[in-house]
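Work out the full structure, taking the sequences as your base and the hints as a guide.
Those protein sequences? They're chains A and B, same order as listed.
Mapping to numbering that gives the first Met the number 0: the first sequence position 79 is 78, numbers consecutive.
Mapping to numbering that gives the first Met the number 0: the second sequence position 98 is 97, numbers consecutive.
Misleading hints may appear alongside valid ones.
Output of the computed footprint for chain B on chain A, the stretches with three or more beta carbons under 8 Å from beta carbons of chain B [as the list claims (entries may be wrong)]:
#: 1; stretch: 26-35
#: 2; stretch: 54-66
#: 3; stretch: 98-106
#: 4; stretch: 109-118
#: 5; stretch: 136-142
Heads up, simulated DSSO-like pairs for lysine-lysine below, C-alpha to C-alpha not over 27 Å straight-line [unchecked claim]:
#: 6; chain 1: A; residue 1: 179; chain 2: A; residue 2: 228
#: 7; chain 1: B; residue 1: 90; chain 2: B; residue 2: 60
#: 8; chain 1: A; residue 1: 220; chain 2: A; residue 2: 188
#: 9; chain 1: A; residue 1: 152; chain 2: A; residue 2: 228
#: 10; chain 1: A; residue 1: 228; chain 2: A; residue 2: 188
#: 11; chain 1: B; residue 1: 134; chain 2: B; residue 2: 45
#: 12; chain 1: B; residue 1: 134; chain 2: A; residue 2: 65
#: 13; chain 1: B; residue 1: 60; chain 2: A; residue 2: 19
#: 14; chain 1: B; residue 1: 45; chain 2: A; residue 2: 76
#: 15; chain 1: A; residue 1: 32; chain 2: B; residue 2: 164
#: 16; chain 1: B; residue 1: 164; chain 2: A; residue 2: 2
#: 17; chain 1: B; residue 1: 90; chain 2: A; residue 2: 19
#: 18; chain 1: A; residue 1: 65; chain 2: B; residue 2: 87
#: 19; chain 1: A; residue 1: 2; chain 2: A; residue 2: 113
#: 20; chain 1: B; residue 1: 87; chain 2: A; residue 2: 32
#: 21; chain 1: A; residue 1: 32; chain 2: B; residue 2: 90
#: 22; chain 1: A; residue 1: 65; chain 2: B; residue 2: 90
#: 23; chain 1: A; residue 1: 32; chain 2: A; residue 2: 2
#: 24; chain 1: B; residue 1: 79; chain 2: A; residue 2: 32
#: 25; chain 1: A; residue 1: 76; chain 2: B; residue 2: 90
#: 26; chain 1: B; residue 1: 45; chain 2: A; residue 2: 85
#: 27; chain 1: A; residue 1: 2; chain 2: A; residue 2: 76
#: 28; chain 1: A; residue 1: 19; chain 2: A; residue 2: 65
#: 29; chain 1: B; residue 1: 164; chain 2: A; residue 2: 113
#: 30; chain 1: A; residue 1: 65; chain 2: B; residue 2: 60
#: 31; chain 1: B; residue 1: 79; chain 2: A; residue 2: 85
#: 32; chain 1: A; residue 1: 152; chain 2: A; residue 2: 183
#: 33; chain 1: A; residue 1: 32; chain 2: B; residue 2: 45
#: 34; chain 1: A; residue 1: 2; chain 2: A; residue 2: 19
#: 35; chain 1: A; residue 1: 19; chain 2: B; residue 2: 134
#: 36; chain 1: A; residue 1: 85; chain 2: A; residue 2: 152
#: 37; chain 1: B; residue 1: 45; chain 2: B; residue 2: 60
#: 38; chain 1: B; residue 1: 79; chain 2: A; residue 2: 65
#: 39; chain 1: B; residue 1: 60; chain 2: A; residue 2: 32
#: 40; chain 1: A; residue 1: 85; chain 2: A; residue 2: 65
It should be emphasised that the hints constitute simulated quantities derived from the structure, not laboratory data.
Note that CB positions come from ideal geometry on N, CA and C, so glycine has one too.
Here is how the chains run, residue by residue.
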Amino acid sequence: MPKSIEAGSPFSIQSGGSGKGTLYIAGPGQFIKQDVQLGSSIEVASGSLYNAGHYSVWLSSDSSTKTGSIDVVPAQKPADITFIAKPSRLPVAMHNAITGSAYVFDSYGNLITKPMQVSFQLSNAGSAPQTRTAETHNGAAWTQMDSATREGKAQFVARVGDVSSTRIVGQVPGDPCNIKMNAKAAGNKIQLVTDPVRDCSGNAISDGTIVTFTETYGAEKTTVDVPLKKGVASVEIPAHRGATISVASGVVLGNQIRWAQ
Amino acid sequence: MLRQMLLLSAVATGLPAFALAADEPTVHVQEPHLQGPRELQETTAKAVVQNYLDSWQSMSKALDQNSPELLDRDFVGSAKEKLAATIKEQKIAGVRTVYHDRSHNVQILFYSPEGLSIQLADDVEYDVQLSSGGKSLGTQQVTTRYIVVLTPSEVRWRVRIFQAKAQ
Numbered sequence: 000m001p002k003s004i005e006a007g008s009p010f011s012i013q014s015g016g017s018g019k020g021t022l023y024i025a026g027p028g029q030f031i032k033q034d035v036q037l038g039s040s041i042e043v044a045s046g047s048l049y050n051a052g053h054y055s056v057w058l059s060s061d062s063s064t065k066t067g068s069i070d071v072v073p074a075q076k077p078a079d080i081t082f083i084a085k086p087s088r089l090p091v092a093m094h095n096a097i098t099g100s101a102y103v104f105d106s107y108g109n110l111i112t113k114p115m116q117v118s119f120q121l122s123n124a125g126s127a128p129q130t131r132t133a134e135t136h137n138g139a140a141w142t143q144m145d146s147a148t149r150e151g152k153a154q155f156v157a158r159v160g161d162v163s164s165t166r167i168v169g170q171v172p173g174d175p176c177n178i179k180m181n182a183k184a185a186g187n188k189i190q191l192v193t194d195p196v197r198d199c200s201g202n203a204i205s206d207g208t209i210v211t212f213t214e215t216y217g218a219e220k221t222t223v224d225v226p227l228k229k230g231v232a233s234v235e236i237p238a239h240r241g242a243t244i245s246v247a248s249g250v251v252l253g254n255q256i257r258w259a260q
Numbered sequence: 000m001l002r003q004m005l006l007l008s009a010v011a012t013g014l015p016a017f018a019l020a021a022d023e024p025t026v027h028v029q030e031p032h033l034q035g036p037r038e039l040q041e042t043t044a045k046a047v048v049q050n051y052l053d054s055w056q057s058m059s060k061a062l063d064q065n066s067p068e069l070l071d072r073d074f075v076g077s078a079k080e081k082l083a084a085t086i087k088e089q090k091i092a093g094v095r096t097v098y099h100d101r102s103h104n105v106q107i108l109f110y111s112p113e114g115l116s117i118q119l120a121d122d123v124e125y126d127v128q129l130s131s132g133g134k135s136l137g138t139q140q141v142t143t144r145y146i147v148v149l150t151p152s153e154v155r156w157r158v159r160i161f162q163a164k165a166q
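Structure representation (structure tokens):
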């Protein structure tokens, strides 16, 4: 009996004695029982024993039982790759913030434990793809990638041999880089309008992001939260001569205006 | 340190009973030898090893009783499918197998960056007994290395890949 076979390969067992017997091949991954003719070569057909693992073998007849064992190793050719990419959505320009991990399997679903090269590629429209190669250890490989500086969807591909798996990673604008507002009189009010708000890579900040305007006049303080609409925030507030007006979004503080009219 | 931690904490959880009772396997847990950037917390390592050892109990009972439902708590995915198929084949053949694990030497090898899988290796010694029609055909002693991948479920880590690796 061979010491090991590749998953799904045929093999034969030489048997002694005569008459009929029964072959048992038992492991957690698979069980086979086969009636056999003793005294000849017992053939286990191609595709019969395919789950990788260690198997105990019994060959029994009316008068005796012989034992042995056989290891089934994964097929060499990768047929499937399990690929997990995280996160599915993140801000632009983050270093090593996208991770991918992969497990490589043969056509029978066995983890291929011999080292293999897995290629990871993260492609963004309008910029050169990032590529990394990692060797599997016991069937597992991983990588880390930077998010792009431009917002948009990226394709994250893990490839081994002819097999690949793709995940989509959404890259959204980061925090505002700076905020600049302009003020003009509108009757007895002040109209405040920001310039288009962008992150530090120049991406427009998403509509709905809250911009906070604060007017301080003597001991009075008025705060107005306004969502970005078409990239800008605008609001009208009461005009007070000598008032100080500031603008902020999240942790980013914009310019300050002193109303002198 | 991890092994010490496991053994110390095991005092509270009953783990040493595994090692003290004659019927139970001896368990040695090595320091993790991790590839990957994710830090492995000791509580996570403890839970993974404990859940993995529990899975041997479940597997042994399931294969002995030919009851695939006993796999539900500890196995998932391809590991569960393969074990369930084995049980089905055993039932059809009218046989039972009894797996008795005698010792485990466990080491965690990989914690995936996103935290959704942990891989470990186990140099395990076990006995497997085959019975057909109620008659024992004998017991074999096995020493082999298992490569195991566990993934988190609601309350525990469950075995997703369970594969012996040829030495």
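So, going through the hints one by one against the coordinates:
1. Coverage of the stretch 26-35 of chain A by chain B holds [criterion: at least 3 residues with CB-CB distance below 8 Å; count 7].
2. Here the stretch 54-66 of chain A counts 5 residues with a CB under 8 Å from a CB of chain B, which clears the bar of 3, and the coverage holds.
3. Against chain B, the stretch 98-106 of chain A contributes 4 residues with a C-beta closer than 8 Å to a partner C-beta. That satisfies the three-residue criterion, and the hint holds.
4. By the rule of at least three residues with a Cβ nearer than 8 Å to a Cβ of chain B, the coverage given for the stretch 109-118 of chain A holds, with 3 such residues.
5. Coverage of the stretch 136-142 of chain A by chain B holds [criterion: at least 3 residues with CB-CB distance below 8 Å; count 5].
6. Proposed proximity of residue 179 of chain A and residue 228 of chain A is supported: the alpha carbons are some 15 Å apart, at most 27 Å.
7. As the CA atoms of residue 90 of chain B and residue 60 of chain B are separated by approximately 14 Å, the hinted pair is consistent with the 27 Å bound.
8. For a cut-off of 27 Å, the pair hint linking residue 220 of chain A to residue 188 of chain A stands: about 16 Å separates their Cα positions.
9. Taken as a hint, the residue 152 of chain A and residue 228 of chain A pair is honoured in the structure, with Cα atoms around 22 Å apart against an allowance of 27 Å.
10. For the hint pairing residue 228 of chain A with residue 188 of chain A, the CA-to-CA distance comes to about 21 Å; that is within 27 Å, so the pair holds.
11. With a C-alpha separation of about 39 Å, the suggested pair residue 134 of chain B and residue 45 of chain B falls outside the 27 Å cut-off, and the hint is violated.
12. Between residue 134 of chain B and residue 65 of chain A the CA atoms are separated by roughly 15 Å; this keeps the pair inside 27 Å, and the hint holds.
13. For the hint pairing residue 60 of chain B with residue 19 of chain A, the CA-to-CA distance comes to about 32 Å; that exceeds 27 Å, so the pair is violated.
14. Note on residue 45 of chain B and residue 76 of chain A: the hinted pairing is violated, with a Cα-Cα distance of about 35 Å set against a maximum of 27 Å.
15. Taking the CA atoms of residue 32 of chain A and residue 164 of chain B, the gap is near 23 Å; set against the 27 Å cutoff, the hint holds.
16. Straight-line distance between C-alpha atoms of residue 164 of chain B and residue 2 of chain A comes to about 13 Å, which keeps the hinted pair within the 27 Å bound.
17. Proximity of residue 90 of chain B to residue 19 of chain A is assessed by CA-CA distance (about 22 Å); at most 27 Å being required, the pair is judged to hold.
18. Our distance criterion of 27 Å between C-alpha atoms is met by residue 65 of chain A and residue 87 of chain B, whose separation comes to about 25 Å.
19. For the hint linking residue 2 of chain A to residue 113 of chain A, the alpha-carbon distance of about 18 Å falls within 27 Å, and the restraint holds.
20. Proposed proximity of residue 87 of chain B and residue 32 of chain A is supported: the alpha carbons are some 12 Å apart, at most 27 Å.
21. Restraint check for residue 32 of chain A and residue 90 of chain B: the C-alpha separation of about 11 Å stays at or below 27 Å, so the hint holds.
22. Using a Cα cut-off of 27 Å, the hinted pair residue 65 of chain A and residue 90 of chain B holds, with the two alpha carbons roughly 23 Å apart.
23. Of the supplied pair hints, the one linking residue 32 of chain A and residue 2 of chain A holds, its CA atoms being roughly 19 Å apart against a limit of 27 Å.
24. With a C-alpha separation of about 21 Å, the suggested pair residue 79 of chain B and residue 32 of chain A falls inside the 27 Å cut-off, and the hint holds.
25. Restraint check for residue 76 of chain A and residue 90 of chain B: not satisfied, since their Cα atoms lie roughly 33 Å apart, outside the 27 Å limit.
26. Taken as a hint, the residue 45 of chain B and residue 85 of chain A pair is honoured in the structure, with Cα atoms around 25 Å apart against an allowance of 27 Å.
27. For a cut-off of 27 Å, the pair hint linking residue 2 of chain A to residue 76 of chain A stands: about 21 Å separates their Cα positions.
28. The straight-line distance between the Cα atoms of residue 19 of chain A and residue 65 of chain A is roughly 14 Å, inside the 27 Å bound, and the hint therefore holds.
29. With a C-alpha separation of about 10 Å, the suggested pair residue 164 of chain B and residue 113 of chain A falls inside the 27 Å cut-off, and the hint holds.
30. For the suggested pair residue 65 of chain A and residue 60 of chain B, the alpha carbons sit about 26 Å apart, so the restraint of at most 27 Å is met.
31. Simply put, residue 79 of chain B and residue 85 of chain A have alpha-carbon atoms about 26 Å apart, close enough for the 27 Å limit, and the pair holds.
32. For the given pair, residue 152 of chain A sits about 39 Å from residue 183 of chain A by alpha-carbon distance, which is inconsistent with the 27 Å threshold.
33. The hinted pair formed by residue 32 of chain A and residue 45 of chain B fails the criterion: a straight-line CA distance of about 39 Å is larger than 27 Å.
34. Taking the CA atoms of residue 2 of chain A and residue 19 of chain A, the gap is about 24 Å. The hint holds against a cut of 27 Å.
35. The straight-line distance between the Cα atoms of residue 19 of chain A and residue 134 of chain B is roughly 18 Å, inside the 27 Å bound, and the hint therefore holds.
36. For a cut-off of 27 Å, the pair hint linking residue 85 of chain A to residue 152 of chain A stands: about 14 Å separates their Cα positions.
37. A C-alpha spacing of about 23 Å is found between residue 45 of chain B and residue 60 of chain B, which places the hinted pair at or below 27 Å, so the restraint holds.
38. Using a Cα cut-off of 27 Å, the hinted pair residue 79 of chain B and residue 65 of chain A is violated, with the two alpha carbons roughly 30 Å apart.
39. With a C-alpha separation of about 21 Å, the suggested pair residue 60 of chain B and residue 32 of chain A falls inside the 27 Å cut-off, and the hint holds.
40. Between residue 85 of chain A and residue 65 of chain A the CA atoms are separated by roughly 52 Å; this puts the pair beyond 27 Å, and the hint is violated.
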